[in-house]
Amino acid sequence: MAYPAKLRVWRGDTTSGELQDFEVEANEGEVVLDLIHRLQATQTPDLAVRWNCKAGKCGSCSAEVNGRPRLLCMTRMSIFDEDEVITVTPMRTFPVIRDLVTDVSYNYEKAREIPSFTPPEGLEPGEYRMQQVDVERSQEFRKCIECFLCQDTCHVIRDHEENKQSFAGPRYLMRVAELEMHPLDVADRVGDAQDVHGLGYCNITKCCTEVCPEGIHITDNALIPMKERVADRRYDPIVWLGNKIFKRDGA
Amino acid sequence: MTEVERHNYDVVVIGAGGAGLRAVIEARQRGLSVAVVCKSLFGKAHTVMAEGGCAASMGNANSHDNWQVHFRDTMRGGKFLNNWRMAELHAKEAPDRVWELETYGALFDRTADGRISQRNFGGHTYPRLAHVGDRTGLELIRTMQQKIVSLQQEDFTSYGDYEAKLKVFAECTVTELVKEDGRIAGAFGYWRESGRFVLFETPAVVLATGGIGKSFKVTSNSWEYTGDGHALALRAGAGLINMEFVQFHPTGMVWPPSVKGILVTEGVRGDGGVLKNAEGERFMFRYIPDVFKGQYADSEEEADRWYTDQEGNRRTPDLLPRDEVARAINTEVKEGRGSQHGGMFLDIASRLPTEEIRKRLPSMYHQFRELADVDITAEPMEVGPTCHYVMGGIEVDPDTAASAVPGLFAAGECSGGMHGSNRLGGNSLSDLLVFGRRAGLGAAEYVESLDARPSVSDADVTAAAKHALAPFGGPDDGGSEENPYTLHTELQQTMNELVGIIRKADEIEKAIDKLAEIRARIGRVTVEGNRQYNPGWHLAVDLRNMLLVSECVARAALRRTESRGGHTRDDFPQLDAQWRNRLLVCAATGDQPVPAVDVEVKEQLPMRGDLLELFELSELEKYYTEDELAGHPERTA
Numbered sequence: 001m002a003y004p005a006k007l008r009v010w011r012g013d014t015t016s017g018e019l020q021d022f023e024v025e026a027n028e029g030e031v032v033l034d035l036i037h038r039l040q041a042t043q044t045p046d047l048a049v050r051w052n053c054k055a056g057k058c059g060s061c062s063a064e065v066n067g068r069p070r071l072l073c074m075t076r077m078s079i080f081d082e083d084e085v086i087t088v089t090p091m092r093t094f095p096v097i098r099d100l101v102t103d104v105s106y107n108y109e110k111a112r113e114i115p116s117f118t119p120p121e122g123l124e125p126g127e128y129r130m131q132q133v134d135v136e137r138s139q140e141f142r143k144c145i146e147c148f149l150c151q152d153t154c155h156v157i158r159d160h161e162e163n164k165q166s167f168a169g170p171r172y173l174m175r176v177a178e179l180e181m182h183p184l185d186v187a188d189r190v191g192d193a194q195d196v197h198g199l200g201y202c203n204i205t206k207c208c209t210e211v212c213p214e215g216i217h218i219t220d221n222a223l224i225p226m227k228e229r230v231a232d233r234r235y236d237p238i239v240w241l242g243n244k245i246f247k248r249d250g251a
Numbered sequence: 001m002t003e004v005e006r007h008n009y010d011v012v013v014i015g016a017g018g019a020g021l022r023a024v025i026e027a028r029q030r031g032l033s034v035a036v037v038c039k040s041l042f043g044k045a046h047t048v049m050a051e052g053g054c055a056a057s058m059g060n061a062n063s064h065d066n067w068q069v070h071f072r073d074t075m076r077g078g079k080f081l082n083n084w085r086m087a088e089l090h091a092k093e094a095p096d097r098v099w100e101l102e103t104y105g106a107l108f109d110r111t112a113d114g115r116i117s118q119r120n121f122g123g124h125t126y127p128r129l130a131h132v133g134d135r136t137g138l139e140l141i142r143t144m145q146q147k148i149v150s151l152q153q154e155d156f157t158s159y160g161d162y163e164a165k166l167k168v169f170a171e172c173t174v175t176e177l178v179k180e181d182g183r184i185a186g187a188f189g190y191w192r193e194s195g196r197f198v199l200f201e202t203p204a205v206v207l208a209t210g211g212i213g214k215s216f217k218v219t220s221n222s223w224e225y226t227g228d229g230h231a232l233a234l235r236a237g238a239g240l241i242n243m244e245f246v247q248f249h250p251t252g253m254v255w256p257p258s259v260k261g262i263l264v265t266e267g268v269r270g271d272g273g274v275l276k277n278a279e280g281e282r283f284m285f286r287y288i289p290d291v292f293k294g295q296y297a298d299s300e301e302e303a304d305r306w307y308t309d310q311e312g313n314r315r316t317p318d319l320l321p322r323d324e325v326a327r328a329i330n331t332e333v334k335e336g337r338g339s340q341h342g343g344m345f346l347d348i349a350s351r352l353p354t355e356e357i358r359k360r361l362p363s364m365y366h367q368f369r370e371l372a373d374v375d376i377t378a379e380p381m382e383v384g385p386t387c388h389y390v391m392g393g394i395e396v397d398p399d400t401a402a403s404a405v406p407g408l409f410a411a412g413e414c415s416g417g418m419h420g421s422n423r424l425g426g427n428s429l430s431d432l433l434v435f436g437r438r439a440g441l442g443a444a445e446y447v448e449s450l451d452a453r454p455s456v457s458d459a460d461v462t463a464a465a466k467h468a469l470a471p472f473g474g475p476d477d478g479g480s481e482e483n484p485y486t487l488h489t490e491l492q493q494t495m496n497e498l499v500g501i502i503r504k505a506d507e508i509e510k511a512i513d514k515l516a517e518i519r520a521r522i523g524r525v526t527v528e529g530n531r532q533y534n535p536g537w538h539l540a541v542d543l544r545n546m547l548l549v550s551e552c553v554a555r556a557a558l559r560r561t562e563s564r565g566g567h568t569r570d571d572f573p574q575l576d577a578q579w580r581n582r583l584l585v586c587a588a589t590g591d592q593p594v595p596a597v598d599v600e601v602k603e604q605l606p607m608r609g610d611l612l613e614l615f616e617l618s619e620l621e622k623y624y625t626e627d628e629l630a631g632h633p634e635r636t637a
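Residue numbers (this note's numbering), protein chains in the order written: chain A, 1 to 251; chain B, 1 to 637.
To be clear, the hints were calculated from the coordinates, so they are not data collected in a lab.
All values derive from a computational prediction rather than experimental measurement.
A hint or two may mislead.
Simulated pairs of lysine-lysine, BS3-like, Cα-Cα distance not exceeding 27 Å [to be verified]:
id : chain 1 : residue 1 : chain 2 : residue 2
1  : B       : K179      : B       : K466
2  : A       : K164      : B       : K167
3  : B       : K92       : B       : K622
4  : B       : K217      : B       : K334
5  : B       : K334      : B       : K510
6  : B       : K504      : B       : K622
7  : B       : K359      : A       : K206
8  : B       : K510      : B       : K217
9  : B       : K334      : B       : K504
10 : A       : K206      : A       : K227
11 : B       : K514      : B       : K334
12 : B       : K260      : A       : K6
13 : A       : K244      : A       : K227
14 : B       : K510      : B       : K602
15 : B       : K293      : B       : K276
16 : A       : K110      : B       : K167
17 : B       : K622      : B       : K293
18 : A       : K143      : B       : K167
19 : A       : K143      : A       : K227
20 : B       : K359      : A       : K143
21 : B       : K514      : B       : K260
22 : A       : K110      : B       : K165
23 : A       : K143      : B       : K260
24 : B       : K334      : B       : K260
Label pairs and their calculated CB-CB ranges [stated by the list, open to error]:
id : chain 1 : residue 1 : chain 2 : residue 2 : range
25 : B       : E379      : A       : P225      : 36 to 46 Å
26 : B       : E621      : A       : P115      : 54 to 64 Å
27 : B       : D373      : A       : A2        : 14 to 24 Å
28 : A       : P225      : B       : K622      : 50 to 60 Å
29 : B       : D161      : A       : Q20       : 33 to 43 Å
Every residue gets a Cβ at the ideal spot worked out from N, C-alpha and C, and that includes glycine.
All chains, full assembly: derive it from the sequences and hints.
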């Protein structure tokens, strides 16, 4: 039943900020986002938070709850003790705009650097034929709601601003894998995965997989197979020899 | 003068959901420079919430399907109030629009022979919905988002700048359309992040802002659905039609309270799920209305056979159009056969193997497990009606999506006419694609036809800025301060209780009185803090739009003295043929920030003969007046 929950929320902007303590009513079945909304309606009308669907489908309300990257709308209050202080902070990997809202433009920039889907020439709309078993591999990655929690947790960029330039992050390395595994795509992104998008930085600690609210096996099904493709291309002696002889570029 | 960031574009699209993105793609491919402005981050629009699928008569699952069958289903679903030309274009063009998405990289679920799989849905004669599990909307948004990225990549190659010709203005709210000599000249708004003002100088605006669900307490809609496009169009001088028709989706979550209203896809029923009351009865068999008699199974055995043999059996009444199912649930609950939390039971657990449920309905499995502690593979879901969609919207020309205001176009949920009095599930995603494209094309052709571009006056910009900042200035009449959250809650409560799924004259009148009271208080809404990412201020601005569209809904609902589709009058429970062809047009009068609403009756053009002949006379007789059918070939023959 209803009880006063203890919330500690980071409030501030680009210049400064601090954790502030609040007591907010919590009711049966509620999620952390409900309490943030109640805070807005009753105590802090200008508390900034992003949200949209409140059903775990849009990936807007990403933040960190007790230090763990989570969707606020899918974090139920019932997982905490009633007297526990629940700390809500903005995603650490991205610059703060205000309160729980961060500047996630890094992600949109990375998205633009990956060559788009490229169908075979001459294949007309309506003529596409693919088997379910073949589309399922990429479909798993297309479940991604772009909450950017995997980007937030990835240690390559979490505390290493300097790596952002050369590392696309798990979400966009997975996008490369998705296109590479598309049954009809004809472009080649294997070389770029390593050279442009920084696949080599990933040392498969699976942190991204752990925080994914969609349960996508980012590491096992996207990143490792991409690493294997790079390895096959670069370190297979016969391919290496072939490349030397035929001077194939980009591999 | 007010400090304003200025941009110049050929076309500005407001809203980045399915319709907006498709309009952007079309206008850009015609060579124009395009801005897309959205209140959320790019890729978060409400379209991502669409679950079941996108209706298109590709005939992959049943070769008997074609555009004529789809057209007929759509008209029946809308109880023949639909703009028939829109329904025709929609049915004819939907397959091309879906196939086109595959060329952008979409990956729909497949049939055994490798084509796009199609699923059953309410009101559709054949399996017709292209889908990706139960996350079809996400696939549409992502696909078009990625297509836009690919267009930007082409621009990068040509101009060295991704944003040379196509730019996304995310987290930016448009508060005003600016005109010169009656034509669109620009759009004014603010950046949500900084609160700074922005002006788009443009001869053409495409509204694709979605719906109005946030005016209701129990809704499947996100916060963005505040009727912005509806209100902007009204204030710019365009008319809204069909605003009394609001769709309550029969299956929203009912428990726990914090998730009340969140959608449970119709795909659950399409894939075999059935509705039961607290007594375990499959009650829908008792609710087949006269107009659909003969088209639906009247026994459980036939209904169950239909899933595997559609030629020899009639479909289950669990898949009647949404308005029928929502009313049935409402009645069952009212008569005391509801679940513990005031809903009905939706059972898929006893109908499909666990693995199959998790494969076909992964989001539903996840949603119930995470938010309600319910395992849908083992227990039934508790469901009840939730405000889901507004059939009403901006009146547009079917072919070009142009509104009555030169330079103003509209597509998707914020436009009206296509779905008549009730939308079929799956017809929204196809609507977005078909009319999003047409709006982009219509806007492009309009811009190309102009000799000179209208300009924005400084006075209009100053007025728009003043209007946007009003909530920081305190009460306009010296009265006591109002909290926007409180006022919003009162508005939602009013609409939900008094102009909700079942309506009565005295209740609607009460709602109109309450709305008048809210109107008197809205000028006193006062917000704290500064302009930087301030949700209290954002709500105060959106609240005016919600109030304006709520007035349209209430006033039109009071005028229509019959029950049809998404408008049910307890005091006029029957379909009235005299009302079938009559539209209620809402217009704004006066120039106050929230103008008054005027409602007028307007007759629709009669349906073209070749389309009318697609229906049996006996079916038309259920909807049309005797006079209207006098010239029907079967009568004159």
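Report the numbers of all earlier hints that the structure fails to satisfy, in ascending order.
none
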